[in-house]
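A.B. asks: Sequence:
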Amino acid sequence: MQDKTILQVIPNLHIGGAEQTVLEITRAIVEAGGRALIASAYNGSAYNADDKNKNSVPSLAPAIIAAGGEIITLPVASKNPFIMFANIKRLATIIRRYRVDIIHARSRAPAWSAYAAARKTGIAYLSTYHAKVHAHPALKRFYNSGLVRGQLVIANSQFTAAQIMRFHKVPPSHIRVIPRGCDIEALAPTTPAKTSRQAMRAKWNVSADDFVILCPARLTRWKGQHIAVAAIAEALKTQDKKNIKLVCVGGIETHNDYIQTLSDLATRLGVAQNVILAGVERDMRSVYGASDVVVAPSIEAEPFGRIIIEAQAAGLAVIASDAGGFRETVADHAGWLVPPDDVAALGQCFARAIMTPPKDLAAMGAIGCAYVASRYSDALMCSRTLDVYRELA
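Residue 440, in the numbering used here, is where the sequence shown stops; the numbers in between run on with no holes.
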């Protein structure tokens, strides 16, 4: 990648799976001697631990800049066709000015603009398909096809690759499967946490002998936190132990009343004291260290599902919806897969996890940790992505 310039295009830089990948690839490009440009509707606000709105979603922009990335502000989050058309010229200008070698679209919204700008300037275009592949309606499938019109498309899982081939008719030779990675060393249970288990639990108002089921995900209906809240109520019906806590860690997008929905649901089901809406936490090593089990109760198939590999890297047993990418990322004997959008099944699984001896949970966590270390490190993801860039540059 020496002397090569890569332009990644992503709608915004809020904390999320695709955005985290932008940060990691930015770091890899710079370390390999290249130049990393990022076109985004720049959200430059750094995380503020004293922010009164603990549920606001902070930005990865400061970390990207610290890694050597150069952020160029463009309205690439817009789906307005006039703005998308104008972005073609804007991106083409950037490509010429900075002598960009490859443009890499990471979302559907800017994909068409990036593709057209690449054709206009004669450079290589590729994309990463991070999101769900939609079969219907046909208009949406066509809109999403901007992601598959380049020389290559990166799929974040075998599941996503199969969906791309099925619904976009892309041949396997044009697809590179590169799962997302995580920082194995930073998350490892042997790595000292910045905040102790006791201190983190005190922050959540959780006692030392509480059984903590962690749900780390953006607060949105698709992620299924409402299913987890209802499942806690189901689990409590069969458990003598009442010291079960569901801790939901994650931010919300603007104009989202889902957090109130969760609070109202917990109150209605009589489990308000068992559900903690903890807001955004940046120190995930400490968060995982204060938890006993991690749940990812998405109500639809996740293309990949980064939190499951992070949780296993942290040495925790996991519970995930039996759909999509989770079928690849949950190691055998490292956790449980349950039908999505099934309160009763998830409640039974919670009860089973609670009754599992701690030594057995630890053994499950060790299996998952080894599995993730061998397949899902951020170093491996970055290396494979740079190899794709070399194919095109």
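Check the hints yourself; a few may be wrong.
[Unchecked claim] Estimated spans, in silico, between C-beta atoms of each pair:
(1) 422 - 113: 26 to 36 Å
(2) 316 - 115: 44 to 54 Å
(3) 314 - 136: 30 to 40 Å
(4) 238 - 287: 50 to 60 Å
(5) 168 - 329: 21 to 31 Å
[As the list claims (entries may be wrong)] Here are the simulated DSBU-like pairs of lysine-lysine, each with C-alpha atoms no more than 30 Å apart in a straight line:
(6) 284 - 406
(7) 136 - 51
(8) 167 - 179
(9) 126 - 250
(10) 126 - 136
(11) 406 - 289
(12) 241 - 216
(13) 167 - 126
(14) 250 - 216
(15) 126 - 179
(16) 179 - 216
(17) 167 - 241
(18) 250 - 167
(19) 179 - 136
(20) 250 - 289
(21) 284 - 241
(22) 250 - 187
(23) 250 - 51
Source of the hints: derived by calculation from the structure; they are not laboratory data. Cβ coordinates follow ideal geometry from the N, Cα and C atoms, glycine included.
A.B. asks: For each hint, tell me whether it holds in the structure or not.
C.D. replies: Hints versus structure:
no.	hint	verdict
1	422 - 113: 26 to 36 Å	28 Å, holds
2	316 - 115: 44 to 54 Å	48 Å, holds
3	314 - 136: 30 to 40 Å	52 Å, violated
4	238 - 287: 50 to 60 Å	35 Å, violated
5	168 - 329: 21 to 31 Å	38 Å, violated
6	284 - 406	25 Å, holds
7	136 - 51	22 Å, holds
8	167 - 179	28 Å, holds
9	126 - 250	40 Å, violated
10	126 - 136	16 Å, holds
11	406 - 289	21 Å, holds
12	241 - 216	48 Å, violated
13	167 - 126	21 Å, holds
14	250 - 216	50 Å, violated
15	126 - 179	17 Å, holds
16	179 - 216	16 Å, holds
17	167 - 241	49 Å, violated
18	250 - 167	54 Å, violated
19	179 - 136	28 Å, holds
20	250 - 289	20 Å, holds
21	284 - 241	36 Å, violated
22	250 - 187	43 Å, violated
23	250 - 51	46 Å, violated
Violated hints, in rising order: 3, 4, 5, 9, 12, 14, 17, 18, 21, 22 and 23; the structure is consistent with all others.
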